[in-house]
Amino acid sequence: MKVPQLPIAFAISVGLALVTVLMHYEVLNIAGTMRRRFSLPMRVDLLLLVVAAIIAHVVGICLFALAYAWMHHHPDLGGLAGLFSGSAADFFYFSVTCYTTIGFGEVYATGPMRIVAALEGLNGLVLIAWSASFAYASTSDLWKRKQD
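In terms of the numbering used here, the sequence shown is residues 3 to 150.
In short, the hints are calculated from the structure, not lab data. A portion of the hints provided could be inaccurate.
Quick list of in silico lysine to any residue cross-link-like pairs, SDA-like style, CA-CA up to 25 Å [said to hold, decoys possible]:
#1 Lys-146 <-> Ala-134
#2 Lys-146 <-> Ser-135
#3 Lys-146 <-> Arg-45
#4 Lys-146 <-> Phe-12
#5 Lys-146 <-> Leu-127
#6 Lys-146 <-> Ile-32
#7 Lys-146 <-> Met-44
#8 Lys-146 <-> Leu-42
#9 Lys-146 <-> Met-25
#10 Lys-146 <-> Arg-39
#11 Lys-146 <-> Leu-50
#12 Lys-146 <-> Met-36
#13 Lys-146 <-> Leu-48
#14 Lys-146 <-> Val-46
Cβ pair distances, simulated, as ranges [claimed, not checked]:
#15 Ser-87 <-> Asp-143: 43 to 49 Å
#16 Tyr-27 <-> Ser-87: 34 to 40 Å
#17 Met-36 <-> Ala-83: 22 to 28 Å
#18 Arg-116 <-> Val-60: 20 to 26 Å
#19 Arg-45 <-> Pro-6: 49 to 55 Å
#20 Phe-12 <-> Arg-45: 15 to 21 Å
#21 Ser-87 <-> Gly-17: 24 to 30 Å
#22 His-75 <-> Met-44: 36 to 42 Å
#23 Ile-57 <-> Asp-143: 20 to 26 Å
#24 Phe-86 <-> Arg-39: 26 to 32 Å
The model shown is predicted, which means the values in this text are computed figures rather than measured ones. C-beta: ideal position from N, C-alpha, C; glycine also.
Construct the complete structure from the given sequences, taking the supplied hints into account.
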């Protein structure tokens, strides 16, 4: 009996979303703690915050890219097509286009992998907005302290 592949793709999406959200929370939490613990110049403080957020996003993108590579080697779960050579760069590029919601170009998902790609876009949108909100709140806090 053949196992339905859509629930597997959905489970992969949910698992990756949970991991990336928890990772993002921890990175922002650590960044916030470090900001309070050390009295850094405002520019350095914000630079470190933004770099930490970007690193968290890149790690999340890499996790999705690894999932795409694994799924691609299990044809029942779909694959990538188009101008696709099977290189790690292709999986990473596809993940970046999904995560940032730039949209598909020359590489696109087929089969159940489309579910993962769509939910990566939603996940990326939420995490990017979260990073922007955190950076805004941190900047506001720094400006208030500077004026006092």
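Checked hints:
As the CA atoms of Lys-146 and Ala-134 are separated by approximately 18 Å, the hinted pair is consistent with the 25 Å bound. Of the supplied pair hints, the one linking Lys-146 and Ser-135 holds, its CA atoms being roughly 16 Å apart against a limit of 25 Å. Between Lys-146 and Arg-45, the direct Cα distance comes to roughly 15 Å. Compliance with the 25 Å bound is thereby established for this hinted pair. A distance of roughly 44 Å separates the Cα atoms of Lys-146 and Phe-12; the hinted pair therefore is violated under the 25 Å criterion.
A hinted pair counts as satisfied when its Cα atoms are at most 25 Å apart, and Lys-146 with Leu-127 does not qualify at roughly 29 Å. At roughly 21 Å between alpha-carbon atoms, Lys-146 and Ile-32 fall within 25 Å of each other, so this suggested pair holds. Distance restraint check for Lys-146 and Met-44: the Cα-Cα separation of roughly 11 Å lies within the 25 Å cut-off, and the hinted pair is therefore satisfied. Using a Cα cut-off of 25 Å, the hinted pair Lys-146 and Leu-42 holds, with the two alpha carbons roughly 15 Å apart.
For the suggested pair Lys-146 and Met-25, the alpha carbons sit about 29 Å apart, so the restraint of at most 25 Å is broken. The straight-line distance between the Cα atoms of Lys-146 and Arg-39 is roughly 18 Å, inside the 25 Å bound, and the hint therefore holds. Taking the CA atoms of Lys-146 and Leu-50, the gap is near 19 Å; set against the 25 Å cutoff, the hint holds. For the proposed pair Lys-146 and Met-36, the alpha carbon gap of about 18 Å is at most 25 Å, so the pair holds.
Between the alpha carbons of Lys-146 and Leu-48 the distance comes to roughly 14 Å, so the proposed pair stays at or under 25 Å and holds. At most 25 Å may separate the alpha-carbon atoms for a hinted pair to count; Lys-146 and Val-46 meet this at roughly 17 Å. With their beta carbons about 46 Å apart, Ser-87 and Asp-143 fall inside the hinted range of 43 to 49 Å. Against the hinted window of 34 to 40 Å, the Cβ-Cβ separation of Tyr-27 and Ser-87 comes to about 35 Å, which satisfies the hint.
Restraint check, Met-36 to Ala-83: a C-beta distance of roughly 43 Å breaks the suggested window 22 to 28 Å. For the hinted restraint 20 to 26 Å between Arg-116 and Val-60, the CB-CB distance of approximately 23 Å keeps it satisfied. The supplied range of 49 to 55 Å is met by Arg-45 and Pro-6, whose beta-carbon atoms lie about 53 Å from each other. One distance hint, 15 to 21 Å for the beta-carbon pair Phe-12 and Arg-45, is violated here, with the actual separation near 43 Å.
Under the hint 24 to 30 Å, the C-beta atoms of Ser-87 and Gly-17, about 27 Å apart, fit the expected range. Hint check: His-75 to Met-44, Cβ distance near 48 Å, so the stated range 36 to 42 Å is violated. For Ile-57 and Asp-143, the Cβ-Cβ distance of about 22 Å falls inside the hinted range of 20 to 26 Å, so the restraint holds. Under the hint 26 to 32 Å, the C-beta atoms of Phe-86 and Arg-39, about 46 Å apart, miss the expected range.
In the structure shown, a violation is registered for the earlier hints numbered 4, 5, 9, 17, 20, 22 and 24, in ascending order.
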